[in-house]
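**Student:** Modelling step: build the complete structure from the supplied sequences, incorporating the hints.
Chains A and B, in that order, give the protein sequences.
Using my numbering, the letters of the first sequence map in sequence onto residues 129 to 750.
Using my numbering, the letters of the second sequence map in sequence onto residues 318 to 718.
Think of the hints as simulated: they come from the structure by calculation, not from any bench.
Please read these numbers as outputs of a predicted model, since none were measured by experiment.
C-beta atoms are modelled at their ideal positions from N, C-alpha and C, and glycine is treated no differently.
Among the hints, a few may not be true.
What the hints assert, rightly or not - No more than 25 Å apart at the CA atoms, straight line, and that leaves these computed lysine to any residue pairs for SDA-like:
hint: 1; chain 1: B; residue 1: Lys-704; chain 2: B; residue 2: Gln-477
hint: 2; chain 1: B; residue 1: Lys-618; chain 2: A; residue 2: His-187
hint: 3; chain 1: B; residue 1: Lys-586; chain 2: A; residue 2: Val-181
hint: 4; chain 1: B; residue 1: Lys-689; chain 2: A; residue 2: Ala-255
hint: 5; chain 1: B; residue 1: Lys-349; chain 2: B; residue 2: Gly-385
hint: 6; chain 1: B; residue 1: Lys-358; chain 2: A; residue 2: Ile-717
hint: 7; chain 1: B; residue 1: Lys-567; chain 2: A; residue 2: Gly-266
hint: 8; chain 1: B; residue 1: Lys-692; chain 2: A; residue 2: Gly-246
hint: 9; chain 1: B; residue 1: Lys-692; chain 2: A; residue 2: Gly-266
hint: 10; chain 1: B; residue 1: Lys-567; chain 2: A; residue 2: Leu-274
hint: 11; chain 1: B; residue 1: Lys-561; chain 2: A; residue 2: Ala-255
hint: 12; chain 1: B; residue 1: Lys-642; chain 2: B; residue 2: Asn-378
hint: 13; chain 1: A; residue 1: Lys-579; chain 2: B; residue 2: Glu-650
hint: 14; chain 1: B; residue 1: Lys-715; chain 2: A; residue 2: Ile-705
hint: 15; chain 1: B; residue 1: Lys-642; chain 2: B; residue 2: Asn-457
hint: 16; chain 1: B; residue 1: Lys-349; chain 2: A; residue 2: Ile-705
hint: 17; chain 1: B; residue 1: Lys-569; chain 2: A; residue 2: Leu-268
hint: 18; chain 1: B; residue 1: Lys-358; chain 2: A; residue 2: Leu-388
hint: 19; chain 1: A; residue 1: Lys-579; chain 2: B; residue 2: Asn-378
hint: 20; chain 1: A; residue 1: Lys-701; chain 2: A; residue 2: Gly-458
hint: 21; chain 1: B; residue 1: Lys-606; chain 2: B; residue 2: Lys-349
hint: 22; chain 1: B; residue 1: Lys-692; chain 2: A; residue 2: Leu-185
hint: 23; chain 1: B; residue 1: Lys-510; chain 2: B; residue 2: Met-714
hint: 24; chain 1: B; residue 1: Lys-561; chain 2: A; residue 2: Lys-701
hint: 25; chain 1: B; residue 1: Lys-567; chain 2: A; residue 2: His-704
hint: 26; chain 1: B; residue 1: Lys-643; chain 2: B; residue 2: Gly-382
hint: 27; chain 1: A; residue 1: Lys-701; chain 2: B; residue 2: Arg-411
hint: 28; chain 1: B; residue 1: Lys-618; chain 2: A; residue 2: Phe-707
hint: 29; chain 1: B; residue 1: Lys-349; chain 2: A; residue 2: His-704
Unchecked claim - Label-pair distances were calculated between CB atoms; the ranges are:
hint: 30; chain 1: A; residue 1: Phe-718; chain 2: B; residue 2: Glu-505; range: 52 to 58 Å
hint: 31; chain 1: B; residue 1: Ala-602; chain 2: A; residue 2: Phe-718; range: 30 to 36 Å
hint: 32; chain 1: B; residue 1: Pro-482; chain 2: A; residue 2: Gln-392; range: 46 to 52 Å
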Amino acid sequence: MGFYIVQFLTGLSDAATLFFVAAGLSLIFGVTRIVNMAHGSFYMIGAYVAYFVIAALPHSWFSFWGGILAAALVVGLVGVVVEVFLLRRLYRAPELFLLMATFAVVLVIQDLARWAFGPEDLLGPMAPGLEGSINFLGALMPVYDLVLIIAAPLVLIAIWLLFNRTRWGVLVRAATEDREMLAALGVNQKWLFTSVVFLGSFLAGLGGAIQLPKGGADLLMDMNVIAAAFVIVVVGGMGSIPGAFLAAVIIGELGSFGVLFLPQSTLVMMFLVMAVVLVIRPYGLLGKPEVHDVVPEESFESILRPASRKLRYIGLILLMLFLLLPMVAGRYQLILFGEMAMFALACMSLYFMMGPGGMVSFGHAAFFGGGAYAAALMTHYVHTPMGLALFLAPLCMGLLALIIGWFCVRLSGVYLAMLTLAFAQICWSIVFQWTGFTGGDDGILGIWPAKWASNEVIFYYLTMVISIGGILLLRFLLFTPLGYTMRACRDSRLRAGAVGINVTRHQWFSFAVAGVFAGLAGGIYVFSKGSVFPDEMSIPRSFDILLSVLLGGVESISGPIVGSSAFIWLEDKISHIGFWRLILGCIFIFLVSVFPQGIGGYFGTRFANFLSSEPEKANGTR
Amino acid sequence: MKTRKIIFVAVAVVFLALLINAPAVFAGGTIKLGEINTYSKLTSFTFPYRNGWELALDEVNKSGGVNGKQLEVISRDDAGKPGNAVRIAEEMIRKDNVALLMGSFFSNVGLALTDFAKRNKVFYLAAEPLADAVVWAKGNRYTFRLRPSTYMQAAMLAEQAAKNPAKRWATIAPNYAYGKDAVKAFEEVLKAKRPDVEFIAEQWPALFKINAGAEIQALTRANPEAVYNVTFGGDLAKFVREGKLRGFFKGKYIVSLLTGEPEYMDPLKGEAPEGWLVTGYPWYAIHTKAHTMFLKAYQAKYNDYPRTGSVVGYNMLMAVANMLKKAGSTDTEKMVDAMEGMTFEGAFGPVTFRKIDHQSTMGAYVGYTAVKNGKGVMVNWKYLDGKDYLPSDAEVMKLRP
Numbered sequence: 129m130g131f132y133i134v135q136f137l138t139g140l141s142d143a144a145t146l147f148f149v150a151a152g153l154s155l156i157f158g159v160t161r162i163v164n165m166a167h168g169s170f171y172m173i174g175a176y177v178a179y180f181v182i183a184a185l186p187h188s189w190f191s192f193w194g195g196i197l198a199a200a201l202v203v204g205l206v207g208v209v210v211e212v213f214l215l216r217r218l219y220r221a222p223e224l225f226l227l228m229a230t231f232a233v234v235l236v237i238q239d240l241a242r243w244a245f246g247p248e249d250l251l252g253p254m255a256p257g258l259e260g261s262i263n264f265l266g267a268l269m270p271v272y273d274l275v276l277i278i279a280a281p282l283v284l285i286a287i288w289l290l291f292n293r294t295r296w297g298v299l300v301r302a303a304t305e306d307r308e309m310l311a312a313l314g315v316n317q318k319w320l321f322t323s324v325v326f327l328g329s330f331l332a333g334l335g336g337a338i339q340l341p342k343g344g345a346d347l348l349m350d351m352n353v354i355a356a357a358f359v360i361v362v363v364g365g366m367g368s369i370p371g372a373f374l375a376a377v378i379i380g381e382l383g384s385f386g387v388l389f390l391p392q393s394t395l396v397m398m399f400l401v402m403a404v405v406l407v408i409r410p411y412g413l414l415g416k417p418e419v420h421d422v423v424p425e426e427s428f429e430s431i432l433r434p435a436s437r438k439l440r441y442i443g444l445i446l447l448m449l450f451l452l453l454p455m456v457a458g459r460y461q462l463i464l465f466g467e468m469a470m471f472a473l474a475c476m477s478l479y480f481m482m483g484p485g486g487m488v489s490f491g492h493a494a495f496f497g498g499g500a501y502a503a504a505l506m507t508h509y510v511h512t513p514m515g516l517a518l519f520l521a522p523l524c525m526g527l528l529a530l531i532i533g534w535f536c537v538r539l540s541g542v543y544l545a546m547l548t549l550a551f552a553q554i555c556w557s558i559v560f561q562w563t564g565f566t567g568g569d570d571g572i573l574g575i576w577p578a579k580w581a582s583n584e585v586i587f588y589y590l591t592m593v594i595s596i597g598g599i600l601l602l603r604f605l606l607f608t609p610l611g612y613t614m615r616a617c618r619d620s621r622l623r624a625g626a627v628g629i630n631v632t633r634h635q636w637f638s639f640a641v642a643g644v645f646a647g648l649a650g651g652i653y654v655f656s657k658g659s660v661f662p663d664e665m666s667i668p669r670s671f672d673i674l675l676s677v678l679l680g681g682v683e684s685i686s687g688p689i690v691g692s693s694a695f696i697w698l699e700d701k702i703s704h705i706g707f708w709r710l711i712l713g714c715i716f717i718f719l720v721s722v723f724p725q726g727i728g729g730y731f732g733t734r735f736a737n738f739l740s741s742e743p744e745k746a747n748g749t750r
Numbered sequence: 318m319k320t321r322k323i324i325f326v327a328v329a330v331v332f333l334a335l336l337i338n339a340p341a342v343f344a345g346g347t348i349k350l351g352e353i354n355t356y357s358k359l360t361s362f363t364f365p366y367r368n369g370w371e372l373a374l375d376e377v378n379k380s381g382g383v384n385g386k387q388l389e390v391i392s393r394d395d396a397g398k399p400g401n402a403v404r405i406a407e408e409m410i411r412k413d414n415v416a417l418l419m420g421s422f423f424s425n426v427g428l429a430l431t432d433f434a435k436r437n438k439v440f441y442l443a444a445e446p447l448a449d450a451v452v453w454a455k456g457n458r459y460t461f462r463l464r465p466s467t468y469m470q471a472a473m474l475a476e477q478a479a480k481n482p483a484k485r486w487a488t489i490a491p492n493y494a495y496g497k498d499a500v501k502a503f504e505e506v507l508k509a510k511r512p513d514v515e516f517i518a519e520q521w522p523a524l525f526k527i528n529a530g531a532e533i534q535a536l537t538r539a540n541p542e543a544v545y546n547v548t549f550g551g552d553l554a555k556f557v558r559e560g561k562l563r564g565f566f567k568g569k570y571i572v573s574l575l576t577g578e579p580e581y582m583d584p585l586k587g588e589a590p591e592g593w594l595v596t597g598y599p600w601y602a603i604h605t606k607a608h609t610m611f612l613k614a615y616q617a618k619y620n621d622y623p624r625t626g627s628v629v630g631y632n633m634l635m636a637v638a639n640m641l642k643k644a645g646s647t648d649t650e651k652m653v654d655a656m657e658g659m660t661f662e663g664a665f666g667p668v669t670f671r672k673i674d675h676q677s678t679m680g681a682y683v684g685y686t687a688v689k690n691g692k693g694v695m696v697n698w699k700y701l702d703g704k705d706y707l708p709s710d711a712e713v714m715k716l717r718p
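**Tutor:** Okay, structure coming up:
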């Protein structure tokens with residue numbers, strides 16, 4: 129009996145740290161709508177700062193708790209700095225763009241932390257006076273875990289009081305409900321937002337600092353906590369603090385008891401829970417349906433129109449350049465260009481469902497990596513010829529996308545995105561764990577192109593034909609009735625439904641199309657690399673694709689192509705340098721501030737006049 | 318508007334020019350070596366590792382280089398992604414004209430490069446990747462591996478562990494290939510020596526996301542007499558701390574892979590576990606001539622003590638330099654022929670690259686942990702030569718394609 133009590137309490141104490149982080153994240157999202165990727169970095173800074181403060185002072189009760197509080201305050205201020213100098217300038221940009229800005233912050237903090245705190249892992253200090261354990265019917269339980277178990281509800285109550293008993297709290301709740309109305313009533317939202325970001329970051333720092341006696345500080349903890357924090361926020365309902373608490377307890381307990389019965393379940397348990405919750409309750413356990421539906425008031429998107437004559441010429445010239453490239457470029461340049469093209473196709477497929485389809489996916493790598501695996505498995509086990517594998521891989525991914533999409537299209541906004549993430553993670557863990565069939569994380573090797581295509585120039589042309597062909601086909605689809613219907617569904621579900629369009633079915637279908645083309649990109653990718661590993665399906669890969677699309681701009685068709693080329697090129701050029709993530713992060717921040725419509729979007733608008741054909745200008749259209 | 322256009326065109330031209338910059342001209346007086354590792358992650362290993370090969374590079378170049386040529390290392394970060402590593406390898410081969418490839422940490426990156434080396438007939442020395450497949454299941458003519466593999470290190474531990482009377486074993490290992498291989502190899506070797514042992518519980522925490530409290534409870538419930546641990550880094554710290562608080566280690570015989578390495582033991586400071594059987598690197602107590610020279614040079618250059626990574630980096634570059642001397646050429650086939658069966662003097666003493674599977678015989682130190690002056694150390698250790706912990710030649714032949 130003692131064993132189960134201790135196991136239960138252990139789950140609760142795990143839940144406590146997660147709750148601090150998730151509560152902050154949920155708070156920030158609820159009010160500012162920022163999907164704050166940098167929250168994990170704040171957590172990491174909290175741990176490091178607390179460690180050094182505690183180490184600098186004589187070891188005592190005061191220095192320990194003072195250090196934790198100081199760390200939380202410092203992190204709160206870091207949050208304020210990020211908000212005031214970066215995010216505040218971007219509130220008018222599409223919400224997703226903020227995600228990219230926060231991701232840039234993640235990159236910057238990763239390298240700054242390495243520079244400031246050193247490369248070594250640090251073991252956290254114990255809490256003075258709380259070093260021991262308590263015996264529960266024969267099983268030992270660390271005292272500090274009990275402190276955490278008590279602290280979490282106290283923080284929950286404190287937040288509740290703050291929200292329900294202070295004027296500030298009332299204003300924050302009002303901002304959560306209806307930002308425009310609050311602004312109309314003359315409340316200065318700027319500082320309201322800043323204070324919320326402060327509180328949210330404070331909580332992240334607190335989480336990082338307070339877990340020190342349970343572990344320590346290392347440079348990977350930012351990425352390790354962020355996924356769990358997002359899952360908890362989404363399971364609890366975005367913006368709901370009690371929901372985050374409930375979800376943290378559920379996830380903590382499932383983790384605690386899950387390892388008893390299924391020790392191998394550690395990779396996927398959390399994501400399974402999220403998938404189940406989202407399928408049953410689309411807005412999380414205690415969340416409310418979003419009042420404003422998907423469309424932002426101010427959309428940057430200009431009306432999509434077929435390419436003008438000039439644009440076609442430009443396209444043609446570019447195409448010619450690509451075809452002539454092998455005459456001038458070395459083999460490595462061909463490979464780099466080939467990779468850009470494949471990546472552009474993957475990004476285009478994400479853009480297809482994200483831009484015109486209005487469905488953001490955080491798990492697109494499931495289809496990209498899935499396509500790579502489908503092709504690799506077919507080649508490896510049944511020696512499918514390359515051509516056939518390249519044909520079947522997208523079909524398999526289309527099928528997978530139909531299955532996943534069936535669940536996802538019932539949701540919208542961030543919830544949809546998180547459900548795609550959950551499914552992607554489930555697919556990833558299947559590939560990762562099923563060592564006998566997929567090779568686990570040792571991957572599948574030796575998947576090189578067929579003999580007729582093994583010449584690098586021929587393979588380059590093959591890549592170009594498939595990638596550019598795929599991109600043009602996707603582009604073409606946007607101007608078919610399907611494309612127009614998709615945009616109608618995105619812009620107004622209600623009206624689209626009223627004129628007799630089956631909204632869900634169209635979204636489902638576009639989801640599947642996106643899966644097919646991502647699978648195609650993955651299929652050709654595996655032949656260019658010769659091997660495939662589960663990391664092609666993992667969360668970071670999904671974010672690579674997402675970031676590229678955002679970098680180029682969600683609102684222009686050329687965006688994904690420009691963005692992905694820029695992404696690969698930057699990665700290739702910058703990774704020569706020592707602190708390249710810092711530089712990449714700064715470049716992202718620069719791009720985000722200068723081109724809030726994305727690079728492609730910026731040039732699209734800038735040269736709109738130049739690009740549009742003469743008769744259109746004469747007719748007075750934009 | 319006009320100036321904007323000009324700027325735009327200029328930017329585009331620069332962009333294209335950078336993309337299609339012509340392959341670098343082959344430098345006459347130097348031999349270029351391509352080195353790829355995960356410098357943006359796992360810094361506690363990769364930074365000392367870089368120090369290690371930079372030290373060796375200095376030594377080689379100061380003593381006149383190789384065959385009258387200086388060595389030059391082009392070092393790149395793969396961010397832990399096999400796809401990136403393959404692309405960087407392409408770039409190094411095609412553009413930088415490196416003579417060979419070396420390095421990498423993660424097994425999957427190592428395997429991707431192994432396959433790349435095979436297809437492109439490029440010499441590749443895998444420094445750290447521990448996966449057995451690098452030299453066995455996926456081994457090929459062009460790939461060599463320096464570090465004692467998962468199998469070898471697990472076998473070293475299992476041999477010592479077999480002397481302990483414990484029969485009921487539990488295992489805890491990170492949930493990925495390295496962890497799984499390490500447990501499998503240990504179980505295999507231990508069971509072969511001691512058919513009476515049984516493995517009664519296992520835990521597979523996600524890498525760097527250990528749920529230490531809960532997993533230790535789960536292991537406690539099975540009531541094992543001995544525990545085999547494969548977790549490292551942050552996971553190890555949590556495992557040790559929770560285990561102590563929960564009285565888990567009391568009266569149990571603990572065997573732990575890599576825990577004696579300074580990278581993983583030093584962060585634990587005074588809380589380092591005591592009496593565990595571990596593999597590691599007791600740099601403070603090795604007094605062989607080769608190691609003393611290495612240690613002095615390292616401390617003089619960096620004002621810091623070496624970690625295991627430093628030795629791996631140092632030995633890697635030394636192996637390559639010796640091979641180049643022997644081959645007298647940067648022709649891949651000649652380099653491979655020179656490397657096969659070659660013996661060189663590393664920081665741990667002589668190391669041979671076996672002809673049969675291209676695995677080096679670099680060994681590891683096995684001993685027990687203790688705490689001295691508030692620091693974890695290894696005591697009663699001995700150096701086990703890698704050549705004694707490899708399967709028989711017949712078995713190796715079966716494993717290699």
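**Student:** Now, for every hint given, state plainly whether the structure supports it.
**Tutor:** Do the hints match the structure? See the list:
1. B:Lys-704 x B:Gln-477: 16 Å, holds
2. B:Lys-618 x A:His-187: 35 Å, violated
3. B:Lys-586 x A:Val-181: Within the cut-off at roughly 18 Å; holds.
4. B:Lys-689 x A:Ala-255: 23 Å, holds
5. B:Lys-349 x B:Gly-385: 14 Å, holds
6. B:Lys-358 x A:Ile-717: Holds: Lys-358 of chain B and Ile-717 of chain A sit about 22 Å apart, inside 25 Å.
7. B:Lys-567 x A:Gly-266: Holds, at about 14 Å.
8. B:Lys-692 x A:Gly-246: Distance ~19 Å between Lys-692 of chain B and Gly-246 of chain A Cα, so the pair holds.
9. B:Lys-692 x A:Gly-266: Violated. Lys-692 of chain B to Gly-266 of chain A sits at ~32 Å, over the 25 Å cutoff.
10. B:Lys-567 x A:Leu-274: Roughly 22 Å separates the two Cα atoms, so the pair holds.
11. B:Lys-561 x A:Ala-255: 15 Å, holds
12. B:Lys-642 x B:Asn-378: 13 Å, holds
13. A:Lys-579 x B:Glu-650: 24 Å, holds
14. B:Lys-715 x A:Ile-705: 43 Å, violated
15. B:Lys-642 x B:Asn-457: Satisfied, since the Cα-Cα distance of roughly 23 Å is no more than 25 Å.
16. B:Lys-349 x A:Ile-705: Within the cut-off at roughly 18 Å; holds.
17. B:Lys-569 x A:Leu-268: Given pair Lys-569 of chain B, Leu-268 of chain A holds - Cα atoms ~16 Å apart, limit 25 Å.
18. B:Lys-358 x A:Leu-388: Roughly 31 Å separates the two Cα atoms, so the pair is violated.
19. A:Lys-579 x B:Asn-378: With Cα atoms ~43 Å apart, Lys-579 of chain A and Asn-378 of chain B exceed 25 Å; violated.
20. A:Lys-701 x A:Gly-458: 16 Å, holds
21. B:Lys-606 x B:Lys-349: Judged against 25 Å, a Cα distance of about 30 Å means the pair is violated.
22. B:Lys-692 x A:Leu-185: Given that 25 Å is the threshold and the Cα spacing comes to 21 Å, the pair holds.
23. B:Lys-510 x B:Met-714: 23 Å, holds
24. B:Lys-561 x A:Lys-701: Judged against 25 Å, a Cα distance of about 47 Å means the pair is violated.
25. B:Lys-567 x A:His-704: Distance of about 49 Å is beyond 25 Å: violated.
26. B:Lys-643 x B:Gly-382: 13 Å, holds
27. A:Lys-701 x B:Arg-411: Roughly 16 Å separates the two Cα atoms, so the pair holds.
28. B:Lys-618 x A:Phe-707: 22 Å, holds
29. B:Lys-349 x A:His-704: 16 Å, holds
30. A:Phe-718 x B:Glu-505: 52 to 58 Å: Because 54 Å falls inside the window, the suggested range holds.
31. B:Ala-602 x A:Phe-718: 30 to 36 Å: 52 Å, violated
32. B:Pro-482 x A:Gln-392: 46 to 52 Å: At roughly 30 Å between Cβ atoms, Gln-392 of chain A and Pro-482 of chain B fall outside 46 to 52 Å, so the hint is violated.
The structure is inconsistent with the numbered hints 2, 9, 14, 18, 19, 21, 24, 25, 31, 32, although it conforms to all the rest.
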